[in-house]
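Residue numbers (our numbering), protein chains in the order written: chain D, 1 to 464; chain S, 1001 to 1205.
None of these hints come from the bench; they were simulated from the model.
Each hint should be verified, as a subset may be incorrect.
List time: in silico SDA-like cross-link candidates among lysine to any residue, alpha-carbon distance up to 25 Å [said to hold, decoys possible]: (1) D:K251 / S:K1197; (2) D:K251 / D:P54; (3) D:K3 / S:Q1046; (4) S:K1003 / D:K314; (5) D:K421 / S:P1051; (6) D:K3 / D:D17; (7) D:K8 / S:W1192; (8) D:K96 / S:I1189; (9) S:K1197 / D:R55; (10) D:K47 / D:R71; (11) S:K1188 / D:P50; (12) S:K1135 / S:P1065; (13) S:K1050 / S:G1038; (14) D:K162 / S:A1191; (15) D:K314 / S:M1015; (16) D:K47 / S:G1038; (17) S:K1097 / S:W1204; (18) D:K42 / S:Q1181; (19) S:K1097 / S:E1055; (20) D:K251 / S:W1204; (21) D:K42 / S:R1067; (22) D:K162 / S:I1179; (23) D:K96 / S:K1050.
Covered, in the sense of this in silico footprint (three residues per stretch, anywhere, with C-beta under 8 Å from a C-beta of chain S), are these stretches of chain D [said to hold, decoys possible]: (24) 153-160; (25) 194-204.
All values derive from a computational prediction rather than experimental measurement.
Note that the Cβ used here is the ideal one computed from N, Cα and C, for glycine as well.
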Amino acid sequence: MGKTLFDKIWDGHVITDLGNGFVLLHIDRLLLHDMSGGKAMKEAIEKGYPPSQPRLIYGTPDHTMSTQPGRTEKTFAPGEPLILSMRETTSAYGIKLFDLGQDGQGIVHVMGPEQGLTLPGTTLVCGDSHTSTHGGMGALAFGIGSSELVHTIATQTMAQRKPKCFRATFEGKLQPGVTAKDMILHLIGDVGTAAGTGYAVEYAGSAVRALPVEARLTLCNLTIEMGARTGMVAPDDTTYEYLDGRDYAPKGAIWDRAVAHWRTLPSDPDAGFDREHTIDMANVAPQITWGTSPEHVIAVDRAIPDPSTGPEEKRAAWAAALQYQGLEPGKPIEGTPVDWVFIGSCTNSRISDLRAAAAIARGRHKADHVTAWVVPGSVRIKREAEAEGLDRVFLDAGFEWREPGCSMCLASNGERVPPGKRSVSTSNRNFVGRQGPGARTHLASPAMAAAAAIKGAIADVRKI
Amino acid sequence: MDKFTKVTGVATPLMRQNVDTDLIIRIERLVDNVGREGLGPYCFEQIRFKPDGSENPDCIFNQEPYREAPIILAAENFGCGSSREGAVWALKGFGIKTVIAPYFGDIFNNNCFQNGILPVALPIEEIEQLADEVKASPGNARITVDLENCVVVSPTGRTIAFQIDARRQHAMLNGLDDIAQTKSHQDKIEAWQSTDKTARPWVWL
Chain D
1 MGKTLFDKIW DGHVITDLGN GFVLLHIDRL LLHDMSGGKA MKEAIEKGYP
51 PSQPRLIYGT PDHTMSTQPG RTEKTFAPGE PLILSMRETT SAYGIKLFDL
101 GQDGQGIVHV MGPEQGLTLP GTTLVCGDSH TSTHGGMGAL AFGIGSSELV
151 HTIATQTMAQ RKPKCFRATF EGKLQPGVTA KDMILHLIGD VGTAAGTGYA
201 VEYAGSAVRA LPVEARLTLC NLTIEMGART GMVAPDDTTY EYLDGRDYAP
251 KGAIWDRAVA HWRTLPSDPD AGFDREHTID MANVAPQITW GTSPEHVIAV
301 DRAIPDPSTG PEEKRAAWAA ALQYQGLEPG KPIEGTPVDW VFIGSCTNSR
351 ISDLRAAAAI ARGRHKADHV TAWVVPGSVR IKREAEAEGL DRVFLDAGFE
401 WREPGCSMCL ASNGERVPPG KRSVSTSNRN FVGRQGPGAR THLASPAMAA
451 AAAIKGAIAD VRKI
Chain S
1001 MDKFTKVTGV ATPLMRQNVD TDLIIRIERL VDNVGREGLG PYCFEQIRFK
1051 PDGSENPDCI FNQEPYREAP IILAAENFGC GSSREGAVWA LKGFGIKTVI
1101 APYFGDIFNN NCFQNGILPV ALPIEEIEQL ADEVKASPGN ARITVDLENC
1151 VVVSPTGRTI AFQIDARRQH AMLNGLDDIA QTKSHQDKIE AWQSTDKTAR
1201 PWVWL
């Protein structure tokens, strides 16, 4: 039987067999961010294990600074020590840091692909569960905890057990208003938040092949929301075109060698998967979450589910979610009044996301009662958007145009949706309190979020 | 890593699905400079406290005999979501030694083993039965989780076997240092890297 994309990358990185199903895996890229980067570096150094391969480690602050225009690390004071500690420890070992105010700074999962640091066929880890994003480039990328981070700094390896393989196939053409965000939300709704636990996911099929790289990053970003640590798309010409010429991408003869190697990576036609799920894109409409788990998702033209008609084992969770969200079962979700709109995060803050949101906002104005934020994913994206005039489109529509960072996705920098307020967000988690204590989150695509800001309520982007 | 051998105590029948790590510890507690030992008081704060900061009496963690319980009984997918190891540090600070659930978020599961907290996977029917036994005899019911023999002993004395990776079991019983273990393979790591620099020069910047 042939090998999967995952098998090929995994097998190519095994340093030694540790027994009992574990192997020691080489890690080609370690990305640091301010939330855990400086602390992990300090811990490694204090334990007597300084970074063993500092040239394979890169960092950027994203979690703990304000995204207010004109911000510095002091604007959100609680984050300053974390940023300083990251700066100090990376500089001591010559680790490249894309620091605040510098070209290249951005959300760590935006920065890697943008700089050409994330390469097909590589292993990449970061102390953040959305590291699966980088799988959109054909990398084997996964999130790790703080202790594992210290281990990777110290050894540039990880002791890992091989997961099983799950192939999610999307066939057909995307319907109007449907994006990669809708594809992955729909999949999670279909299979549930735990379907991928213990698996590596490969996204395949004609609809995935047709996606540009930025959309593939969005698709892979939410892999952890179906329980899998890693999700990936096989590299192809779309990947190589995106990567060619980026700052850290290989050049010249080495580029040609790299591409020749990358072309051997896609899953063999006779490769076996432990689980398969197929989605026909003809049946997928724009999605929006209604509850407090990413699996609580419906098409925007559907009614809010009634727990009494749901699967028995989920009724209690559905009822609790509706109570937290302040929603009535059986009512259409479209038209539910919204207070906040957040366009940003490692899921949906790239230039194509901002263009999609701007296309809806252009020539319109947000509803008076809505606060709408646009937080670009990186300094480069912000500049590119400004060069295209997207900042003016958003400002004229009454949106705020901010500095790059994670911001209101997880509210670790004090930027929160107020208690009881309802938000439509392009981020990745609608957990209880995720965007702030008592905040009610609905996940959707950038165009859907912009539409909600304009209408002042959850809206069907196809009707704008 | 910290050792774990055996724990006997009261178990809190939380029995909730998809307990995410945001619910276990809010992210801003990891920004505030309280340190990993200081997170216990904030564990599950969103359900333990009301918005005004007072205790929520409806929350099972605020009810006797569960206040000091070292064991949590939960439903599917405990510890899903964010990779934050602070969730495990918070549970530890809150006095939790082991969590029994049908399965766990993959990253949370790994983080537990790094901190001497044992995630025990059992079928939901077994956990529901454990919860029923606990509730039938509140105050007296004790559960034992024994890592050496890989068994859970229920309040009525039933013995339920669980499975665990032999490598992880050994590391936890002995409190082994992961990094030191990996460093013992340093020659193999260097040999692999040296070969790879020729095979894939584009990786080595």
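Against the structure, the hints:
no.	hint	result
1	D:K251 / S:K1197	holds, 16 Å
2	D:K251 / D:P54	holds, 21 Å
3	D:K3 / S:Q1046	violated, 45 Å
4	S:K1003 / D:K314	violated, 36 Å
5	D:K421 / S:P1051	holds, 14 Å
6	D:K3 / D:D17	holds, 19 Å
7	D:K8 / S:W1192	holds, 16 Å
8	D:K96 / S:I1189	holds, 23 Å
9	S:K1197 / D:R55	holds, 13 Å
10	D:K47 / D:R71	violated, 34 Å
11	S:K1188 / D:P50	holds, 19 Å
12	S:K1135 / S:P1065	holds, 10 Å
13	S:K1050 / S:G1038	holds, 21 Å
14	D:K162 / S:A1191	holds, 22 Å
15	D:K314 / S:M1015	holds, 12 Å
16	D:K47 / S:G1038	holds, 21 Å
17	S:K1097 / S:W1204	violated, 42 Å
18	D:K42 / S:Q1181	holds, 20 Å
19	S:K1097 / S:E1055	holds, 23 Å
20	D:K251 / S:W1204	holds, 13 Å
21	D:K42 / S:R1067	violated, 35 Å
22	D:K162 / S:I1179	holds, 20 Å
23	D:K96 / S:K1050	violated, 44 Å
24	153-160	holds (count 5)
25	194-204	holds (count 3)
Of the hints listed earlier, those the structure fails to meet are numbers 3, 4, 10, 17, 21 and 23, in rising order.
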